[in-house]
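Q: Dock chain A against the given chain X, drawing on the hints supplied.
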Amino acid sequence: MLLRSIALLLLAGLGAAAHAAAPGGAQLYARNCASCHGVKGDGGIGVPLALPSFQAGISDDYLRQTIRHGRPGRVMPAFPSLGAEEVEAIVRHVRSWNKGPAVAYSPASIVGDPVHGKQLFGKYCVACHGANGEGAKGTGVTFSRPRDLPIMAPALHNPGFLAAAPDAMIKATLMNGREGTPMQSYLKLGLKEKDIDDLVSYVRSFETQPLGSSAAMVEAETPVIIRESPYDLNTTVERVKTAVTTHNFFYGRVQTLEYGMTPPASENPKQVIVYFCNISLLNQALAIDPRVGMFLPCRVSIFEKNGKVQVMSVNPKVLSRLFNNSELNQLCEQLEQSYTAIMEEATL
Amino acid sequence: MTLRKWMASMLVLACLSAPVAADGLLMARSDNSFPEAMTVLQSAISARGYIITRLQQVNENLERRDYKSDMYRVVYFGKLDEVRQVTAAHPELIAFLPLSITIFAEGDESIMVASHPQTISGFYPDAALKPLFDRWEKDIEAIMDEVRE
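If you read the sequences in order, they're chains X and A. Each residue of the first sequence is one higher than the last, beginning at 1 in the working numbering. Each residue of the second sequence is one higher than the last, beginning at 1 in the working numbering.
Extracted from the complex, chain X is given alone in its bound form (with noise of 0.2 Å):
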């Protein structure tokens, strides 16, 4: 009996080790969801996850398929580097805000008419969800939309909804609407089911067409744009902050990439930060996407070596794709040509 439970005791305490070394649900949710969904699932950047609605009108799978795919291009990052294992905790513990019935949606696809459906999605669902079902603009928090809203109007034509979603879930979110959003039941707006059934296969042929503008990301050849410089290293710095007036930005200020970290006599003349601003594009931008400052404010490097001066910046199309919005595409198309101005004016 002794050797039983000293047993018993060595098994409980394994398992207790191995529970403390594997994270659980509730901190891998800390660690990749809370920052944009909330620490209790109230939202922000993203969705209200523990919305009663949202809960009640989706199921586990759709959960599972979210994080493994992501939203491309509206914000939502696939989790390719998450286990199994991982992801399952996840889903549970967002599902632990679920006071409902687990719903579980069969994949069977439902037959209907799309044409008839295109006509009913322009008339019910382009004013929330675009008129190709590229969804509604902002990501949340502070600066993109008021706080009254709870959940922005998702894309439909995106590829990592569709994944997502089977056809009886979009149907089931049709019939019932989605209580505290703008989401109303189209049944209690007059459809018959049989509409419903056209609008779910309207909703899937956007398979089969070309990949909507909001899932759509810009390509950046070079991380960096980079010029060479004909003149010395003071006459260039004063050529880009000459050049950034003449762009519609402000100069901000002039440092060495040392700044800070060593006294000033000490710092390498030869690697210079100009910094400079547009504080309307700042705002529009951070409008788009509050976590865009991380790259502001704009600046370009000068830097000399072995006699050589070189002018460059980060090419502003790579952000688009970091932040995985598509939103930020043609700011950053925008950007990429100012800088490159700015950079080729001062090297003239």
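By construction, these hints were calculated from the structure, which means they are not laboratory data. Glycine is no exception: its CB is placed at the ideal position from the N, C-alpha and C atoms. Take the hints with a grain of salt, since some may be wrong.
[Said to hold, decoys possible] DSSO-like mimics (lysine-lysine), calculated; alpha carbons at most 30 Å apart, straight line:
1. X:241 <-> X:305
2. X:188 <-> X:241
3. X:40 <-> A:138
4. X:40 <-> A:130
5. X:137 <-> X:40
6. X:188 <-> X:99
7. A:138 <-> A:79
8. X:123 <-> X:188
9. X:123 <-> X:137
10. X:40 <-> X:99
11. X:308 <-> A:138
12. X:192 <-> X:123
13. X:305 <-> A:79
14. X:270 <-> A:68
15. X:194 <-> X:118
16. A:68 <-> X:137
17. X:305 <-> A:130
18. A:79 <-> X:270
19. X:118 <-> X:40
20. X:241 <-> A:138
21. X:118 <-> X:137
22. X:40 <-> X:123
23. A:130 <-> A:79
24. X:241 <-> A:68
25. X:270 <-> X:241
26. X:270 <-> X:305
27. X:308 <-> A:130
[Said to hold, decoys possible] The calculated label-pair distances, taken between Cβ atoms and stated as ranges, are:
28. X:95 <-> A:142: 28 to 36 Å
29. X:306 <-> A:123: 35 to 43 Å
30. X:280 <-> A:35: 22 to 30 Å
31. X:253 <-> A:68: 31 to 39 Å
32. A:48 <-> X:245: 45 to 53 Å
33. X:334 <-> A:90: 23 to 31 Å
34. A:35 <-> X:348: 45 to 53 Å
35. A:57 <-> X:95: 52 to 60 Å
36. X:245 <-> A:88: 44 to 52 Å
37. A:85 <-> X:337: 29 to 37 Å
A: Quick look at chain A alone, frame taken from chain X:
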């Protein structure tokens, strides 16, 4: 499964196989309000041997032009020897330095964001740089963990 359905599935899978910068950002949320989180953040950065070189006051600049903003700062930091060593061999990395973490208020809580060092690593697949990118990743994750707690 019909041919049409199979082709649609393949199209979706092809779209999904494109990288979406899954781990392009390191992010953390703190229960602390902005001033407390900012203090913890600066302390966590310093504790790992980095010198905080500058605090960029983003919200003040916005408010001067009458744009509404919550508290918003960019914290720049670095290690002199590290910066000298890496930029001597790879001057193009100057564009990404010093390292930075953005912190902004989210109601009574705070959010921190940094670019994932492995993102830069992807642009410069030099084996000699790997230990440095790995160290930056480990340090920034540890800083984020400390502020998160």
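Q: Each of the hints needs a verdict: does it hold here or not?
A: Hint by hint, here is what the structure shows:
Between residue 241 of chain X and residue 305 of chain X the CA atoms are separated by roughly 21 Å; this keeps the pair inside 30 Å, and the hint holds. A hinted pair counts as satisfied when its Cα atoms are at most 30 Å apart, and residue 188 of chain X with residue 241 of chain X does not qualify at roughly 61 Å. The hinted pair formed by residue 40 of chain X and residue 138 of chain A meets the criterion: a straight-line CA distance of about 27 Å does not exceed 30 Å. A threshold of 30 Å between alpha carbons decides the hint, and for residue 40 of chain X with residue 130 of chain A the separation of about 36 Å lies outside it, so the pair is violated.
Under the criterion of a C-alpha separation no larger than 30 Å, the hint pairing residue 137 of chain X with residue 40 of chain X is consistent with the structure, at around 24 Å. Taken as a hint, the residue 188 of chain X and residue 99 of chain X pair is honoured in the structure, with Cα atoms around 24 Å apart against an allowance of 30 Å. Of the pairs offered as hints, the one joining residue 138 of chain A and residue 79 of chain A holds, with about 15 Å between alpha carbons and a cut-off of 30 Å not exceeded. Taken as a hint, the residue 123 of chain X and residue 188 of chain X pair is honoured in the structure, with Cα atoms around 15 Å apart against an allowance of 30 Å.
This hinted pair checks out: residue 123 of chain X and residue 137 of chain X have alpha carbons roughly 20 Å apart, not beyond 30 Å. This hinted pair checks out: residue 40 of chain X and residue 99 of chain X have alpha carbons roughly 14 Å apart, not beyond 30 Å. For a cut-off of 30 Å, the pair hint linking residue 308 of chain X to residue 138 of chain A is broken: about 35 Å separates their Cα positions. In summary, the hint linking residue 192 of chain X to residue 123 of chain X is supported, as the alpha carbons are separated by about 15 Å, within the 30 Å threshold.
Restraint check for residue 305 of chain X and residue 79 of chain A: the C-alpha separation of about 21 Å stays at or below 30 Å, so the hint holds. This hinted pair does not check out: residue 270 of chain X and residue 68 of chain A have alpha carbons roughly 38 Å apart, beyond 30 Å. The straight-line distance between the Cα atoms of residue 194 of chain X and residue 118 of chain X is roughly 14 Å, inside the 30 Å bound, and the hint therefore holds. Taking the CA atoms of residue 68 of chain A and residue 137 of chain X, the gap is about 19 Å. The hint holds against a cut of 30 Å.
Distance check on the hinted pair: residue 305 of chain X and residue 130 of chain A sit about 24 Å apart at the alpha-carbon level, within 30 Å; holds. Only pairs whose Cα atoms come within 30 Å are accepted, and residue 79 of chain A paired with residue 270 of chain X is accepted, the gap being roughly 18 Å. As the CA atoms of residue 118 of chain X and residue 40 of chain X are separated by approximately 37 Å, the hinted pair breaks the 30 Å bound. Restraint check for residue 241 of chain X and residue 138 of chain A: not satisfied, since their Cα atoms lie roughly 36 Å apart, outside the 30 Å limit.
Between residue 118 of chain X and residue 137 of chain X the CA atoms are separated by roughly 22 Å; this keeps the pair inside 30 Å, and the hint holds. Between the alpha carbons of residue 40 of chain X and residue 123 of chain X the distance comes to roughly 36 Å, so the proposed pair goes past 30 Å and is violated. Distance hint between residue 130 of chain A and residue 79 of chain A is fulfilled; the C-alpha atoms sit about 17 Å from each other, no more than 30 Å. Of the pairs offered as hints, the one joining residue 241 of chain X and residue 68 of chain A holds, with about 28 Å between alpha carbons and a cut-off of 30 Å not exceeded.
Simply put, residue 270 of chain X and residue 241 of chain X have alpha-carbon atoms about 16 Å apart, close enough for the 30 Å limit, and the pair holds. Taken as a hint, the residue 270 of chain X and residue 305 of chain X pair is honoured in the structure, with Cα atoms around 8 Å apart against an allowance of 30 Å. For a cut-off of 30 Å, the pair hint linking residue 308 of chain X to residue 130 of chain A stands: about 27 Å separates their Cα positions. Distance hint check for residue 95 of chain X and residue 142 of chain A: the Cβ-Cβ separation is about 30 Å, which falls inside the suggested range of 28 to 36 Å.
For residue 306 of chain X paired with residue 123 of chain A, a C-beta distance near 23 Å fails the hint of 35 to 43 Å. Take residue 280 of chain X and residue 35 of chain A: their Cβ atoms lie about 28 Å apart, and the range 22 to 30 Å holds. Between residue 253 of chain X and residue 68 of chain A the C-beta distance comes to about 25 Å, which lies outside the given range of 31 to 39 Å. For the hinted restraint 45 to 53 Å between residue 48 of chain A and residue 245 of chain X, the CB-CB distance of approximately 38 Å leaves it violated.
Between residue 334 of chain X and residue 90 of chain A the Cβ separation comes to about 28 Å, which falls inside the hinted range of 23 to 31 Å. For the hinted restraint 45 to 53 Å between residue 35 of chain A and residue 348 of chain X, the CB-CB distance of approximately 46 Å keeps it satisfied. In this structure the hint that residue 57 of chain A and residue 95 of chain X lie 52 to 60 Å apart at CB is violated, the actual value being about 41 Å. At about 32 Å, the CB distance of residue 245 of chain X to residue 88 of chain A disagrees with the hint of 44 to 52 Å.
The hinted range of 29 to 37 Å is satisfied by residue 85 of chain A and residue 337 of chain X, whose Cβ atoms lie roughly 34 Å apart.
Hints 2, 4, 11, 14, 19, 20, 22, 29, 31, 32, 35, 36 from the earlier list are contradicted by this structure; the remaining hints agree with it.
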